[in-house]
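Number of protein chains: 2
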Amino acid sequence: MLRSPIKHCRHCGTLVVYRIPDDGDTRERAVCPACGTIHYENPLNVVGTIPVMDGKVLLCKRNIEPRRNKWTLPAGFLELGETAAEGAARETDEEAGAQIEMQGLYTIISVPRVGQVHLFYRARLLSTHLAPGPETVEARLFAEHEIPWEEIAFRTVSETLKLYFADSQAHANSPRAEPYPVRDFSLG
Amino acid sequence: MLRSPIKHCRHCGTLVVYRIPDDGDTRERAVCPACGTIHYENPLNVVGTIPVMDGKVLLCKRNIEPRRNKWTLPAGFLELGETAAEGAARETDEEAGAQIEMQGLYTIISVPRVGQVHLFYRARLLSTHLAPGPETVEARLFAEHEIPWEEIAFRTVSETLKLYFADSQAHANSPRAEPYPVRDFSLG
Ligand SMILES: [Zn+2]
Ligand SMILES: [Zn+2]
Chain A
1 MLRSPIKHCR
11 HCGTLVVYRI
21 PDDGDTRERA
31 VCPACGTIHY
41 ENPLNVVGTI
51 PVMDGKVLLC
61 KRNIEPRRNK
71 WTLPAGFLEL
81 GETAAEGAAR
91 ETDEEAGAQI
101 EMQGLYTIIS
111 VPRVGQVHLF
121 YRARLLSTHL
131 APGPETVEAR
141 LFAEHEIPWE
151 EIAFRTVSET
161 LKLYFADSQA
171 HANSPRAEPY
181 PVRDFSLG
Chain B
1 MLRSPIKHCR
11 HCGTLVVYRI
21 PDDGDTRERA
31 VCPACGTIHY
41 ENPLNVVGTI
51 PVMDGKVLLC
61 KRNIEPRRNK
71 WTLPAGFLEL
81 GETAAEGAAR
91 ETDEEAGAQI
101 EMQGLYTIIS
111 VPRVGQVHLF
121 YRARLLSTHL
131 APGPETVEAR
141 LFAEHEIPWE
151 EIAFRTVSET
161 LKLYFADSQA
171 HANSPRAEPY
181 PVRDFSLG
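Chains A and B supply the protein sequences, listed in that same order.
Start counting the first sequence at 1; every next residue gets the next number (full-length UniProt numbering).
Start counting the second sequence at 1; every next residue gets the next number (full-length UniProt numbering).
Be aware that a few hints might be false.
Pairs involving identical chains hold if they fit within one copy or between any two copies, as the list cannot separate such chains.
Stated by the list, open to error - Once the Cα atoms are required to be at most 20 Å apart in a straight line, the calculated SDA-like pairs of lysine to any residue come out as:
#: 1; residue 1: K7; residue 2: G36
#: 2; residue 1: K56; residue 2: L141
#: 3; residue 1: K7; residue 2: L80
#: 4; residue 1: K61; residue 2: E146
#: 5; residue 1: K162; residue 2: A143
#: 6; residue 1: K70; residue 2: A153
#: 7; residue 1: K70; residue 2: G133
#: 8; residue 1: K61; residue 2: D25
#: 9; residue 1: K61; residue 2: G24
#: 10; residue 1: K61; residue 2: D23
#: 11; residue 1: K162; residue 2: I147
#: 12; residue 1: K61; residue 2: P132
#: 13; residue 1: K70; residue 2: F142
#: 14; residue 1: K7; residue 2: R29
#: 15; residue 1: K7; residue 2: P33
#: 16; residue 1: K162; residue 2: G97
#: 17; residue 1: K7; residue 2: F165
#: 18; residue 1: K61; residue 2: H129
#: 19; residue 1: K56; residue 2: T26
#: 20; residue 1: K162; residue 2: R124
#: 21; residue 1: K162; residue 2: P21
#: 22; residue 1: K7; residue 2: C35
Calculated directly from the structure, the hints in this document are not laboratory data.
Extracted from the complex, chain A is given alone in its bound form (with noise of 0.2 Å):
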C-alpha cells in the first residue's frame, strides 16, 4: 500500500503541479492547474490488536510484502466507516481467525518517517481455534520467552509487546489501579 506520487489530478486528469496552493497554505500540494483541485496526502492509521490468553500472545506469520515470513500482531490499514476499535478488530478476525474481546487502547505510535500512526488495542482471546486468513502463514500463541524477538515485522509490534509484558510483570509484583496505562510516543 505504498502510494506513487500523484501525477494526474482525481477529478479531470490533468497532470498537476506541485506547488503551495493560495489559501493560506505553508505546504506544497499537488494542485490541477485545470480544475484547481488540491490533492492533500495525510497520515495512515495502523489498528491491532494484542490478543491474549493465559499470558500468551498471538502472533501472526506474515504471508505478503512487506516483510513476508516475520512475525506480527494482527493489524492493518483503518478503513473508511470504522472506528479504530472496529478496525482492530475486523483486522485481527481477517488475519487470524481469532475470536476475541476487545480491550482498552493501549499503544498510539506515530511513525511520521512513513506517514502512519499505529494504534493497539488488548484483547481477550476466547478461544485457541483459530482460521488464518490469507494474509497469514501462520497464527500462533507465544509466551513472553518464546518471542521471536529478531523476527518480528515492525518496530511498532516490538515495542508494543515489550510494554505490554513489562506492564504485565509489574502489575503482578505490585497490584495497580490501571495495569495498562496507554502509552503514546513515536519511532524515527
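Following the hints, position chain B with the ligands against chain A.
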C-alpha cells in the same frame, strides 16, 4: 478538505472503475483499467490541544468553513512527516499563536461517519499573549461556566471539554494518581 470521489487515476490520468481488486481485498476501490493502480482512501487524523491556564481553556473562533464563527479547540489535519503530538502543537501555534507546553494525550475519538479520528492533547498555556492566525477570528480563555456550549464547532471538541472539566472536578474532589486517563471512544 472534503474530498470529491476519485474519477481519474493519479498515476496515468485514465478514468477509474470502482470494483473489488483481485488481490484478496474485500472492498470496492477506484482501480485504473490502464495501469492497474489501486486507489485507497482512508480515515484522516485531526490533532489538537486543550490549552489550559488557571483552569481556563483556550478556544478559537473559526474564520473558515465549515462552522465559521463557531468556537473550537485548536486542531487540524495531521500532516505527513509529523508525529501526532507535533501536529497538535503546530495547529495550536497556527490557529492561536499560543505558547504551550505539551502534556499527555487525552481523547481519541473515532468519527466514522466522516472518516476521521480526532486526537486531543492536554497542554499548559504559558502566556496570555495570543496571536491568532488567518483561520481564527478570535482566541480567548474560557472558564467552565463561560464555555459557549451551543456555539462549539464540533462534537469531538464539546465532548473533550466536558470530559476535561469532569476529570478536573473529580480530581479536585478526590485526588487521583492519574487525573486525566486517556479516553478512546467514538461518536456516531
Ligand atoms: Zn483537475
Ligand atoms: Zn492508471
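Checked hints:
1. K7 - G36: Both. Shortest intra-copy (14 Å) and inter-copy (15 Å) distances satisfy the 20 Å Cα cut-off.
2. K56 - L141: within (6 Å within a copy, 49 Å between copies)
3. K7 - L80: between (24 Å within a copy, 18 Å between copies)
4. K61 - E146: within (14 Å within a copy, 54 Å between copies)
5. K162 - A143: within (12 Å within a copy, 41 Å between copies)
6. K70 - A153: For K70 and A153, the Cα distance is within 20 Å only inside one copy (5 Å; across copies 45 Å).
7. K70 - G133: within (16 Å within a copy, 47 Å between copies)
8. K61 - D25: Answer is between; shortest inter-copy Cα gap is 19 Å, intra-copy 43 Å.
9. K61 - G24: Intra 46 Å, inter 17 Å, cutoff 20 Å: inter-copy only.
10. K61 - D23: Only across copies: K61 and D23 sit 18 Å apart there, 47 Å inside one copy, limit 20 Å.
11. K162 - I147: Answer is within; shortest intra-copy Cα gap is 10 Å, inter-copy 42 Å.
12. K61 - P132: Within one copy, since 10 Å is at most 20 Å while 50 Å is not.
13. K70 - F142: Intra 14 Å, inter 51 Å, cutoff 20 Å: intra-copy only.
14. K7 - R29: both (11 Å within a copy, 19 Å between copies)
15. K7 - P33: Result: close both inside a copy and across copies, 12 Å intra and 16 Å inter.
16. K162 - G97: Neither: 24 Å inside a copy, 38 Å across copies.
17. K7 - F165: neither (45 Å within a copy, 47 Å between copies)
18. K61 - H129: Result: close within a single copy only, 16 Å intra versus 54 Å inter.
19. K56 - T26: neither (48 Å within a copy, 30 Å between copies)
20. K162 - R124: The answer is within: 18 Å in one copy meets 20 Å, while 31 Å across copies does not.
21. K162 - P21: Neither, since 44 Å and 36 Å both go past 20 Å.
22. K7 - C35: both (14 Å within a copy, 13 Å between copies)
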